[in-house]
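K.L.:
As they're listed, the protein sequences go chains C and Z. Mapping of the first sequence onto this note's numbering: position 233 corresponds to residue 233, and the numbering continues sequentially without gaps. Mapping of the second sequence onto this note's numbering: position 501 corresponds to residue 736, and the numbering continues sequentially without gaps.
Source of the hints: derived by calculation from the structure; they are not laboratory data. Hints may be right or wrong, so weigh each one.
What the hints assert, rightly or not - In the EDC-like style, the derived pairs of lysine to aspartate or glutamate whose C-alpha atoms are separated by at most 16 Å in a straight line are: (1) Z:K792 / C:D174; (2) Z:K545 / Z:D290; (3) Z:K792 / C:D138; (4) C:K192 / C:D138; (5) Z:K792 / C:D152; (6) Z:K826 / Z:D481; (7) C:K151 / C:D99; (8) Z:K649 / C:D175; (9) C:K192 / C:D152; (10) C:K151 / Z:D579; (11) C:K182 / C:D152; (12) Z:K792 / Z:D481; (13) C:K192 / C:D140; (14) C:K151 / C:D174; (15) C:K182 / C:D140.
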Amino acid sequence: MKKLISRILMGVAILASSACTKTDNYPGPNASFQGTLISSTGGNFPTSGGSTQIWMQQIGWTAPQTIPSKFDGTFEDTQLFSGGYKVVPTGGAFWPVFDTVTVNLTKGTTHNFTVTPYLVIKNFTATLNGTTLTLTYDIDAPIVAGLPTIKDTQPYVNTTSLVGTGASIQVFSDDNGVTINKDFIDMVPADKSRTLTVPNLIPGRTFYVRVGVRLNDSYLSSNFSNIIRVDVPSN
Amino acid sequence: MKSINKLIIAISVTTGALVTSCQKLDIAPPNIFTSDVIFNSQAGVTSFLASIYQDLPIEDFKYAPSTNDGASTNGYAGFQHGANDWTEFYNEAAATGEEVGPWAGMDIGTGFGYWPYADIRNVNIMIAELPNHVASLTQTGVNQLLGEAHFLRAYYYFGLAKRYGGVPIITTVQDPSAPLATLQVHRDKEQAVWDFIASELDLGYNMMPATSVAGRANKYVAAALKSRAMLYAACVAKYGSVNFVDGQAVTAGYAGIPASAATGYFQAAYDAAKLLDGVYTLYNGYPNDKVQNYVEVFLDAASPENIFIKQYSMANKTAHSWDDTMSPRYFTANALSRSYPTLDLVERWGNLPITNSDGTPTRYDNRAQLMQTLEPRLQATIYFPGATLRGLTFDMQRGIYPSFSGTAAAEVAKPANSRSYILAGSTATLYQGMQVIGNTGPWTGDDEYTRTGFYVRKYINFNEAQSAVNLNTSVQPWIDLRYAEVLLNRAEAAVELGNTSDALTDINLIRARAGAALYSSVTLDQVRNERCMELAFENQYYWDLKRWRTADVVLDKAHFQGLMPYYVYDENKYIFLAEPELFNREYTFPKQDYYEPLPGGEIANNPNLLPNNPGY
Numbered sequence: 001m002k003k004l005i006s007r008i009l010m011g012v013a014i015l016a017s018s019a020c021t022k023t024d025n026y027p028g029p030n031a032s033f034q035g036t037l038i039s040s041t042g043g044n045f046p047t048s049g050g051s052t053q054i055w056m057q058q059i060g061w062t063a064p065q066t067i068p069s070k071f072d073g074t075f076e077d078t079q080l081f082s083g084g085y086k087v088v089p090t091g092g093a094f095w096p097v098f099d100t101v102t103v104n105l106t107k108g109t110t111h112n113f114t115v116t117p118y119l120v121i122k123n124f125t126a127t128l129n130g131t132t133l134t135l136t137y138d139i140d141a142p143i144v145a146g147l148p149t150i151k152d153t154q155p156y157v158n159t160t161s162l163v164g165t166g167a168s169i170q171v172f173s174d175d176n177g178v179t180i181n182k183d184f185i186d187m188v189p190a191d192k193s194r195t196l197t198v199p200n201l202i203p204g205r206t207f208y209v210r211v212g213v214r215l216n217d218s219y220l221s222s223n224f225s226n227i228i229r230v231d232v233p234s235n
Numbered sequence: 236m237k238s239i240n241k242l243i244i245a246i247s248v249t250t251g252a253l254v255t256s257c258q259k260l261d262i263a264p265p266n267i268f269t270s271d272v273i274f275n276s277q278a279g280v281t282s283f284l285a286s287i288y289q290d291l292p293i294e295d296f297k298y299a300p301s302t303n304d305g306a307s308t309n310g311y312a313g314f315q316h317g318a319n320d321w322t323e324f325y326n327e328a329a330a331t332g333e334e335v336g337p338w339a340g341m342d343i344g345t346g347f348g349y350w351p352y353a354d355i356r357n358v359n360i361m362i363a364e365l366p367n368h369v370a371s372l373t374q375t376g377v378n379q380l381l382g383e384a385h386f387l388r389a390y391y392y393f394g395l396a397k398r399y400g401g402v403p404i405i406t407t408v409q410d411p412s413a414p415l416a417t418l419q420v421h422r423d424k425e426q427a428v429w430d431f432i433a434s435e436l437d438l439g440y441n442m443m444p445a446t447s448v449a450g451r452a453n454k455y456v457a458a459a460l461k462s463r464a465m466l467y468a469a470c471v472a473k474y475g476s477v478n479f480v481d482g483q484a485v486t487a488g489y490a491g492i493p494a495s496a497a498t499g500y501f502q503a504a505y506d507a508a509k510l511l512d513g514v515y516t517l518y519n520g521y522p523n524d525k526v527q528n529y530v531e532v533f534l535d536a537a538s539p540e541n542i543f544i545k546q547y548s549m550a551n552k553t554a555h556s557w558d559d560t561m562s563p564r565y566f567t568a569n570a571l572s573r574s575y576p577t578l579d580l581v582e583r584w585g586n587l588p589i590t591n592s593d594g595t596p597t598r599y600d601n602r603a604q605l606m607q608t609l610e611p612r613l614q615a616t617i618y619f620p621g622a623t624l625r626g627l628t629f630d631m632q633r634g635i636y637p638s639f640s641g642t643a644a645a646e647v648a649k650p651a652n653s654r655s656y657i658l659a660g661s662t663a664t665l666y667q668g669m670q671v672i673g674n675t676g677p678w679t680g681d682d683e684y685t686r687t688g689f690y691v692r693k694y695i696n697f698n699e700a701q702s703a704v705n706l707n708t709s710v711q712p713w714i715d716l717r718y719a720e721v722l723l724n725r726a727e728a729a730v731e732l733g734n735t736s737d738a739l740t741d742i743n744l745i746r747a748r749a750g751a752a753l754y755s756s757v758t759l760d761q762v763r764n765e766r767c768m769e770l771a772f773e774n775q776y777y778w779d780l781k782r783w784r785t786a787d788v789v790l791d792k793a794h795f796q797g798l799m800p801y802y803v804y805d806e807n808k809y810i811f812l813a814e815p816e817l818f819n820r821e822y823t824f825p826k827q828d829y830y831e832p833l834p835g836g837e838i839a840n841n842p843n844l845l846p847n848n849p850g851y
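Given only the sequences and the hints, what does the whole structure look like? Please build it.
P.N.:
What follows is the structure in structure tokens.
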């Protein structure tokens, strides 16, 4: 009886040890996709967190994926499966692009997209007076006809150079915003030359500052200025 | 070794028996219900209907609109059946600013992938089978049940259309072995789906009897649902054609309806609502106590206002937890609350008299004094400071001011550390012998304390003894359709059609019952506001914001307010300050959420569902 049991156990042991020899030998994702969003008015198209994305769909598959744009308008994803993809930039404050581009992704594929911004923020200056920061800038629109209504404008202040929507200090940023609610075509020159103030900055700290103008488009998206570093002296 | 021999003998005998026993028997499997068993008797049909009713997309107490933010303890969201310990406060109200609660923000916009085609298939089976059973069910019986089936199918498609717009309209029982090409159906246009819902509800109205047992539909339930659904379609046409996210699905008509169709839908909503004229009435069981009267609208089983209800039972383990999870532990035997009405909702009734004309806070002798000046319906919808439940008082108090001078606005604008109030880290902390924080908050120390100074009162079963208020013990029915909503549907459709006198009559019926001052004229804004007040916490507001296409405006970086009661020690008075609610949450509605994304798994099964809704 004992012999029988031990034989059965041995059989089970042999089966168990020999059962799991298969290894997963599928290749991992090794293609990459990178590039830059270029503004039709020149330079990179500045973006922010949670806004502009590169929408992409592998041909033959149904689920789309997205690559978020970095704040300087570049994007990169190094963990993609190689193959043909339909790609299009979406979700930012630029005139919508509906036509997808087909790219064949391999390692190191680069593709740049040119977009036409809704608004361009020019002549952005930041002047510090004590702990009060004064920001001046001009708003211009490359294309006026059909432009979404301009909702508001606000500063974005953060302690790192990653500064924008979702990456800013509320009391310095959202709380200093100004409502506009006008169409660009109805704005007089004074409406287009803006000044914002950020009071009560903390002495001895370094801040990174930019301004944004938000539009009532599909994504309630904002056009952004470049980012300026502000060192508030200790008192 | 002897035992082995016995084993061998036993195995041989068994094998021998099995080999010789295979005589063919032609017996129907006794564990499978054939269509004859189900459809040859009313009892069989009723049992088949039970699961179809149970799965209806009724957004009741237990409805969990998303799995975000840990909303679902069982890992899936949607229409819940059994025990549901902690879902009630993850409600639509708390994602949209009627309340603030456990959602981190407006986190329900992409839904939970609702896709009830299995339920629709059950209805389709019923519609296909019933005509074969005239002999046992009679022609009248079959027709009435067919009418009910058409109503049920419309209800499911309404649940789909308001989420996705255009979806495939499937009216036959698909054969799983059919070629893939016929199974992979395309989306129908949004307008076609709403028209289908309308025609199904018309069939329901024409074929069903005028009365039914509670929980089942009759012809007026179909008409009431039609008034709701057509209002939705009309608003998608009127407002969705102005405020929309562009994309392929819009161009193809899967998301959006031409603006020209709006008037027809408003008229259909109005006509459907009018069918209920004189059939149902607003509840008025306690005409001399307007507050109690409005409380009983949601508790009195005999209410003539109830059109369609969903019932619960402890024996069947379908009871809900509304009482236990909308009031703090102080009033219950267990559990806790997590979502709280906002001052913004309360101010739909007008600004509270908490500030004098010179800007200083109005002094009150006791907490309850403020509430007593307010509209009865408001008092019956929300528990204010000073209200009572099960013999205990809602003693909301945020803190104590040793003394208070100046205006309310100046005080609230100060940074927290330069305000002169006394707060506490525990409800047990005393100041000069007085409790600093009320037993019911407002306080951030634990989930169950209000963050706004209010608690939900609507649907709270005040009759239940405290010791009996536990998880999964509440059985008051959810009123899915009540006559007040039909009147509001009718008023909104009427005012959109330019018939303001009809709208005024409807609204004043509601205001009279509410104990509010009557209007002498009415605007669209007033009709909408009346709806938001009357139907607060009834899972209508979220869909109203969506169909009015105002969600992206109302919920644009929105912060909501609470009403913070303080005791002023040197005056022995209470003051109330309007302050940001204590979660300090921000709510933003992305425009693409006017349509939910079609579920990714379904698109993988059927790529013909593409294009997905814009923005996804």
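K.L.:
Of all the hints numbered above, which does this structure not satisfy? Sort the numbers upward.
P.N.:
3, 7, 10, 12
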